[in-house]
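Chemist: Protein chains in written order, with the numbering used here: chain Y, 1 to 234; chain S, 1 to 234; chain A, 1 to 234; chain X, 1 to 234; chain V, 1 to 234; chain B, 1 to 234.
Where hints are given, some of them may not hold.
A pair counts as met if it fits within one copy or between any two copies, since identical chains are not told apart.
DSBU-like cross-link-like pairs, simulated, lysine-lysine; straight-line CA separation at most 30 Å [to be verified]:
{"hint": "1", "residue 1": "K2", "residue 2": "K141"}
{"hint": "2", "residue 1": "K219", "residue 2": "K2"}
{"hint": "3", "residue 1": "K103", "residue 2": "K141"}
{"hint": "4", "residue 1": "K219", "residue 2": "K103"}
{"hint": "5", "residue 1": "K103", "residue 2": "K2"}
{"hint": "6", "residue 1": "K141", "residue 2": "K219"}
No lab work stands behind these hints, which were simulated from the structure alone.
6 protein chains.
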Amino acid sequence: MKNVVVRNVDRPPLDQVDALAEFGVATVHEAMGRRGLMASRLRPIYPRAAAVGTAVTISVAPGDNTMLHVAVELCREGDFLVVSPTSPCEDGYFGDLFGTAFKARGVRGLVIDAGCRDIRALEEMGFPVWSKAVFAQGTVKETLGTINLPMVCAGQLVTPGDAIVADDDGVLVVPQAEIPAALTAAEARAERERINRERFLAGEVGLDVYGMRERLAQKGLVYVDHISELGGDR
Amino acid sequence: MKNVVVRNVDRPPLDQVDALAEFGVATVHEAMGRRGLMASRLRPIYPRAAAVGTAVTISVAPGDNTMLHVAVELCREGDFLVVSPTSPCEDGYFGDLFGTAFKARGVRGLVIDAGCRDIRALEEMGFPVWSKAVFAQGTVKETLGTINLPMVCAGQLVTPGDAIVADDDGVLVVPQAEIPAALTAAEARAERERINRERFLAGEVGLDVYGMRERLAQKGLVYVDHISELGGDR
Amino acid sequence: MKNVVVRNVDRPPLDQVDALAEFGVATVHEAMGRRGLMASRLRPIYPRAAAVGTAVTISVAPGDNTMLHVAVELCREGDFLVVSPTSPCEDGYFGDLFGTAFKARGVRGLVIDAGCRDIRALEEMGFPVWSKAVFAQGTVKETLGTINLPMVCAGQLVTPGDAIVADDDGVLVVPQAEIPAALTAAEARAERERINRERFLAGEVGLDVYGMRERLAQKGLVYVDHISELGGDR
Amino acid sequence: MKNVVVRNVDRPPLDQVDALAEFGVATVHEAMGRRGLMASRLRPIYPRAAAVGTAVTISVAPGDNTMLHVAVELCREGDFLVVSPTSPCEDGYFGDLFGTAFKARGVRGLVIDAGCRDIRALEEMGFPVWSKAVFAQGTVKETLGTINLPMVCAGQLVTPGDAIVADDDGVLVVPQAEIPAALTAAEARAERERINRERFLAGEVGLDVYGMRERLAQKGLVYVDHISELGGDR
Amino acid sequence: MKNVVVRNVDRPPLDQVDALAEFGVATVHEAMGRRGLMASRLRPIYPRAAAVGTAVTISVAPGDNTMLHVAVELCREGDFLVVSPTSPCEDGYFGDLFGTAFKARGVRGLVIDAGCRDIRALEEMGFPVWSKAVFAQGTVKETLGTINLPMVCAGQLVTPGDAIVADDDGVLVVPQAEIPAALTAAEARAERERINRERFLAGEVGLDVYGMRERLAQKGLVYVDHISELGGDR
Amino acid sequence: MKNVVVRNVDRPPLDQVDALAEFGVATVHEAMGRRGLMASRLRPIYPRAAAVGTAVTISVAPGDNTMLHVAVELCREGDFLVVSPTSPCEDGYFGDLFGTAFKARGVRGLVIDAGCRDIRALEEMGFPVWSKAVFAQGTVKETLGTINLPMVCAGQLVTPGDAIVADDDGVLVVPQAEIPAALTAAEARAERERINRERFLAGEVGLDVYGMRERLAQKGLVYVDHISELGGDR
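Start from the sequences and build out the full structure, keeping to the hints where you can.
Modeler: Pasting the structure below:
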């Protein structure tokens, strides 16, 4: 299955994907039961970057951006590029020309478990990238890969058509079939957080808000007033 | 001594702690004889973050934020949370709800040798965090730890009541008994730096300002006018 | 050859070096045939930092900034400090006093495969630094090194008088003898990129712009319309 | 789907899995088209460790080995444990008591993207482990996970019933449906390698054995007899 | 307190320290309540290294082994060197001459959060070292440090006179006052492990041995016979 | 200068290179004034590996071993391969077939700032490799590089014809012109070390052997008999 490009992806309704943007990575991740988060080595190339979209998956050889060129004409409004090299690499696969080309097709952003360059130009054009390195090292166009096959990126399985949610806190994969449930759960969680924030501002503490006191006592939590009570065998 | 919470800390006068803010991490660190600096993996979650406060120490299990909930009601104006996991972990223990709760109690900031999330919200509310990772990964509430016992965080021993000084250059621990001396030494050093800066601006060089020329010659420093003088055996 | 300081460097014409600034690291790196890029661990201490200059090379002992003091009086307008420790170190060799002293002599910036401190002050005075760490850890003045000998920094050979180009994308070394050719090639590449950007904005894709379609087919690239065509043995 | 344990796995014929042992990781990996290799951070805890078996997948919380206890009674002769924490962790989940228990059930070995301990005892009993760390840090038994669901481990998707091949060169996943084809291809590759080894020993070179000379010339490879021919602009 | 050497240490009875050797790092660490373990980056320089002894603490400047020379004449039979640089460094502070000198005084081994060299000679003479790097890089003798003050090494506080237990699984610090209790607890744990090993060999599983079944059910662990029961929304 | 192969190297007399083997990496490195050591990430693939030889330099693209095939017929008895990728890569460029081919031509070993595989077979045939990773990941044959041009590998400049000394302590480059001086200095140093070892065995300490006492006192080293003398402000 090397060297296969799948032209069409069963994409979810874009309005559903877009609705995830309101909640952000941390809230949707919690709402989904704490699954789907890519490794923390992926960081945005500029502060306040945030985007959601539909995954187009691209598997590339180390130091070779051939398949990014192949991907351009397959993309459409609302897509989100997800690029993973077949072995660890930090070369700068992506720069402002690619940003120009993909942005012109409505692509929302890029997640790449490798390097990115031209980051000032990408910020100026508003094309957000999450990468593991910023590195100007160029790539070649010699070796094939795949597009739109299921693929692991930064520790997570990504299937074409999954939703990608990315912001300052990292990058989250929401499997396509789970998008509606994730939305509902995120709304509920956001509402709970809103209420809890009010309670915290009013001076309540999580021990009471979450009803933790009794369980902590059962587990053996001991309070002392001063460290001197602990004696010499501390 | 697992699972002990010490309610009260012998805190230093807060005005003394606050006075350290004027000098910043690098100057106080030098003034103290170059001790107390936490590892460089701790970075602020937003640029220009700076804070000082009194250490409340929290030892947590990997992936478990129980003790942060316990800590809230023990904190007071001027405190600075110091959190260290019992084994390496980069989970996002702390987010905007905690920021809200601790800020409402006058806590100045957080140092955590693990991960943080909701960094945009924390920046907007002005709650500074120094962490080794930004990672949305959630934590559980199952395993106990300790609060306000001496503890190692990012390579430094922290005792409750020590002063924490944190800015763009990193995080410094000033043992409580050394705060007055550190202040005096920092003032002296800042004054020396002010004078030296004037001399540097006037064109003098450190070799003269610090009287280094003779010692360098004794150690065998050799000047040549041009590399060609070194011959072929370079 | 330890402990040698070479006073004079055969510098290239400064206007040639300055002309590289227009193109930036990624473009000049590509134009030179993808050589000369320092390792990606070197990052600017503040966003949007950019500078070009002539390399003054400084080899230092770990945790010892003696040779930076020695270097000050050897620098002139347009120089760019390149500092490499003889073994891995992340101490903060350089702070605002050095920034003041070197800036007063017209030095453009610093590349250091170690740590930097006082980064807020350095940003405020506009002295850019590319370093592998931000770390307030102080250094001593005990051990000699060399100035203006050829040296490896962050994976690249740097000879005094080479041009250094640094921006958000990293740090590039242009050997002195190659500066004119690099300029010419960078101009040509920038013009090609300008044309290609127009074509991309007009909707063309790289497969056509770079004439890749036939070669990809020869290499065996296979297109399918839908993943279901791949059958169960995917 | 958190907290689900699947009791039964559709396992491949064990003799097929065992047949992969003859070829080893590097040869099977090549034969499969260079897919399926886990990240290089996984290393054997003792030299010359080698094993093949059928994947039992275990997803665990950081610092929590509950699910390993759950897994014991689900294992049978020929199984190979694959353990991945839900966020990065290097705690010592596995020691000699687990080794004793799993070995008694015929389990062949363990791959864990975290830590292992008691490595001397494990070597003595002949229970091989591939881990990212050796670390005595203990774990708790508080948080649930999953067993025998598809899971990502060290960068590769592992489905229960896949074959695991592990030796000094690393760890390879062979999807269950591909085992027969992988065997056939590995046999063919091993035979080719045997022939090529003979030719290399007889003095032939890869340029001829693999017919590379013409293509290299087309790509522009230039030979010179001596470096002096390259002139000053090298 | 820089530059202070404390000549005498209140050492624990050596037979107590020696008695810890029987149990090893993992068992004593568990017996102590999972405290005291140094970071996993410290690894033995040869397989099967194991030693126990009384800590002599040495704080050194990066790249400077002065204080190791100072330490020699302060050591006695049963001591264990613990060396930590004041900032991260991997230079080879220690080689076969030091091994010869310290071994002649009865020193049991070295833990160093930096580099070591001459590892073949050290293995041949039977002087074990746990280090974060093997690196031949030499050090200088210019900058002072401290001996026998409390100090952090690889994440743990070490006080002179503490017991050090080191083997293939890592390095453990046992505070002097806790040695008798640690011994008693380790003996009890080893006996429990012996009994459990028998039960595991007899086919019992941890779920029963540790009485986990009911609690897992309460936490919501779900068993299914086959993955197909989970339906499409997995 | 991309894509150039230099056929002939001015090699030093092989008996001179071979004579370095007696002293090993640490001693020759010290004798040369502590220069030339490659980064500590390069480790031997099996214990007790040791070799010396004449550098043949090979610059390769990431994930591409074309130039290793080209190099075979250029090698001769006593050569030592030095391979560096143009950007960071840990792919397994080299395995047992290459080992067979190069060993048949008298090549002594390989240093590669990337990955190696088939390490058991390489150990069995006695072909030593120093690499930064062991990784079975395969490479392609698409992109050209250079052979026998000066090149940076793991932080050191290597010129074809330099001597390479490698053992358990790492990898050292001895510039060709310095080989005779390095030999002489290594002999002298080895003799001094032999004498010092005798003195250490006889109970002398480095403070006296190296005459350090007076200088340490001048630098301010303070001895106290017991830590209690330091008072509360420690």
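Chemist: State for each hint whether it applies.
Modeler: Hints, one by one, checked against the model:
1. K2 x K141: both (16 Å within a copy, 16 Å between copies)
2. K219 x K2: between (53 Å within a copy, 11 Å between copies)
3. K103 x K141: within (22 Å within a copy, 34 Å between copies)
4. K219 x K103: Classified as between: cross-chain Cα gap 28 Å, same-chain 54 Å, threshold 30 Å.
5. K103 x K2: Result: close within a single copy only, 27 Å intra versus 34 Å inter.
6. K141 x K219: For K141 and K219, the Cα distance is within 30 Å only across copies (11 Å; inside one copy 59 Å).
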